[in-house]
Amino acid sequence: MSKKVTMQQIADHVNVSKFAVSKALSGKSGVSPDTREKIIQAATQLGYFSQKRNKPIVSRNIPNKPPSSERNTIIVLIPNVREQNRQSSFWGRIIDGITTGLEENHLGMMIVTEHVTDNFSRLINPEAVLGLIGVGLISNQLLLEVRNLGIPFVLVDHEDSLIPSDVLFMNNYECVRRATNYLLGNGHRKLQFVGNIRYSRSFYDRWLGFRSMLEEQNVEHAQNKELLQFEGVNRSEMTEQIERILREDQGRGELPTALVCANDSIAICVMTVLMRMGIDVPGQVSVTGFDNIEDAGLSSPTLSTVHVNKEALGQRSVETLLWRIAHPDGPKEKILLAGEIVLRESTAAAPN
Numbered sequence: 001m002s003k004k005v006t007m008q009q010i011a012d013h014v015n016v017s018k019f020a021v022s023k024a025l026s027g028k029s030g031v032s033p034d035t036r037e038k039i040i041q042a043a044t045q046l047g048y049f050s051q052k053r054n055k056p057i058v059s060r061n062i063p064n065k066p067p068s069s070e071r072n073t074i075i076v077l078i079p080n081v082r083e084q085n086r087q088s089s090f091w092g093r094i095i096d097g098i099t100t101g102l103e104e105n106h107l108g109m110m111i112v113t114e115h116v117t118d119n120f121s122r123l124i125n126p127e128a129v130l131g132l133i134g135v136g137l138i139s140n141q142l143l144l145e146v147r148n149l150g151i152p153f154v155l156v157d158h159e160d161s162l163i164p165s166d167v168l169f170m171n172n173y174e175c176v177r178r179a180t181n182y183l184l185g186n187g188h189r190k191l192q193f194v195g196n197i198r199y200s201r202s203f204y205d206r207w208l209g210f211r212s213m214l215e216e217q218n219v220e221h222a223q224n225k226e227l228l229q230f231e232g233v234n235r236s237e238m239t240e241q242i243e244r245i246l247r248e249d250q251g252r253g254e255l256p257t258a259l260v261c262a263n264d265s266i267a268i269c270v271m272t273v274l275m276r277m278g279i280d281v282p283g284q285v286s287v288t289g290f291d292n293i294e295d296a297g298l299s300s301p302t303l304s305t306v307h308v309n310k311e312a313l314g315q316r317s318v319e320t321l322l323w324r325i326a327h328p329d330g331p332k333e334k335i336l337l338a339g340e341i342v343l344r345e346s347t348a349a350a351p352n
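Once you know that position 50 of the sequence shown is 50 in full-length UniProt numbering, the rest is easy, because the numbers rise by one and skip nothing.
Think of the hints as simulated: they come from the structure by calculation, not from any bench.
Quantities reported herein were computed from a predicted structural model and do not represent experimental measurements.
Don't be surprised by glycine CBs; every beta carbon is placed ideally from N, CA and C.
There's no promise every hint is true.
Quick list of simulated restraints, FRET-style, between CB atoms [claimed, not checked]:
| no. | residue 1 | residue 2 | range |
| --- | --- | --- | --- |
| 1 | G30 | S89 | 36 to 46 Å |
| 2 | R178 | T100 | 21 to 31 Å |
| 3 | E248 | E294 | 25 to 35 Å |
| 4 | T100 | G185 | 31 to 41 Å |
Dumping the calculated DSS-like pairs for lysine-lysine here, alpha-carbon to alpha-carbon at most 30 Å [unchecked claim]:
| no. | residue 1 | residue 2 |
| --- | --- | --- |
| 5 | K3 | K190 |
| 6 | K23 | K4 |
| 7 | K38 | K334 |
| 8 | K4 | K332 |
| 9 | K3 | K18 |
| 10 | K225 | K4 |
| 11 | K334 | K23 |
| 12 | K3 | K23 |
| 13 | K225 | K190 |
| 14 | K38 | K18 |
| 15 | K4 | K18 |
| 16 | K38 | K225 |
| 17 | K38 | K4 |
| 18 | K23 | K332 |
| 19 | K23 | K38 |
| 20 | K3 | K38 |
Can you make the complete structure from the sequences, with help from the hints?
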């Protein structure tokens, strides 16, 4: 039997104090982000998170029928940053699905935004919480605190490589492969991916799907790296960044005939920029998005995109959480839901 990994071993491995390791692994403040990441990486490599917990997880029962007096509570944790909030046409629909799933199982819900969780354990009563669903990007500091409280949790559209958990995504890789293949089938050979691939795991997977289809079809590709790195917290800022990049491409005679965008908001910004530049969509440049938000069907031209069943993603996260609660020692799962390509006015055959 392997020996237990101690905090002192981790401290020696990273060359920090045991006190710093304790703070980092408990999710408390007082440790710099870089040091925290090094400590968590070392803990993962040494097997700290894989060993059995000394502190038993509080026993929880899944209701098979409506409880007569009290309702078990599921916490829904959402960052409330970068448009990841309840009002979003994407994230809000996921929460609608979670709400439906919880109501079907006669469970209560409490929505918590990450920016108000200075000390998560003080905000909630762990003994009264059945589980937690994280929606969007959740910091590993907070995930560590949730883990240390012994609360079962699943993540939607996010995963942390250092803190294993059940996660749910759309099949981002395969969906973008199919959208890219459609454009290739319509004669496009000058394609570019648009979206900051550091923004989220979903964006990075979509970029990989785009790139892999080009490689599979033996299409030479020189990606403009600026289109993978631009910043912007709203459409106005993204439009400004994208316009600068595309005007520079136009000046060099390198404007692509198709732009595969990481999501619909970026795609709508791209079409706005192309109109300003006097470029016809889709006559000269085709544009695709991802998510099928409401604006995709209202834009001019209407946007070809990948439909994400956001409500189903939320409902499935509830099912996954309840399975995890019933099987605490079962293997972690990564669940991918299929999406559908929706063809509208923004795509056409490549110009001659």
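Status of the hints after comparison with the structure:
1. G30 / S89: 36 to 46 Å: Because 38 Å falls inside the window, the suggested range holds.
2. R178 / T100: 21 to 31 Å: About 28 Å separates the Cβ atoms of R178 and T100, which means 21 to 31 Å holds.
3. E248 / E294: 25 to 35 Å: 32 Å, holds
4. T100 / G185: 31 to 41 Å: 37 Å, holds
5. K3 / K190: Violated, because 56 Å separates the two Cα atoms, which is more than 30 Å.
6. K23 / K4: 19 Å, holds
7. K38 / K334: 25 Å, holds
8. K4 / K332: 22 Å, holds
9. K3 / K18: 18 Å, holds
10. K225 / K4: Violated. K225 to K4 sits at ~45 Å, over the 30 Å cutoff.
11. K334 / K23: With Cα atoms ~29 Å apart, K334 and K23 stay inside 30 Å; holds.
12. K3 / K23: 23 Å, holds
13. K225 / K190: Judged against 30 Å, a Cα distance of about 15 Å means the pair holds.
14. K38 / K18: It holds: about 13 Å lies between the C-alpha atoms, which stays within 30 Å.
15. K4 / K18: This hinted pair holds, its Cα atoms lying about 16 Å apart.
16. K38 / K225: 28 Å, holds
17. K38 / K4: Judged against 30 Å, a Cα distance of about 20 Å means the pair holds.
18. K23 / K332: 26 Å, holds
19. K23 / K38: Cα-Cα ~13 Å, so holds.
20. K3 / K38: 22 Å, holds
Violation of the numbered hints given earlier is confined to hints 5 and 10; the remaining hints are satisfied by the structure.
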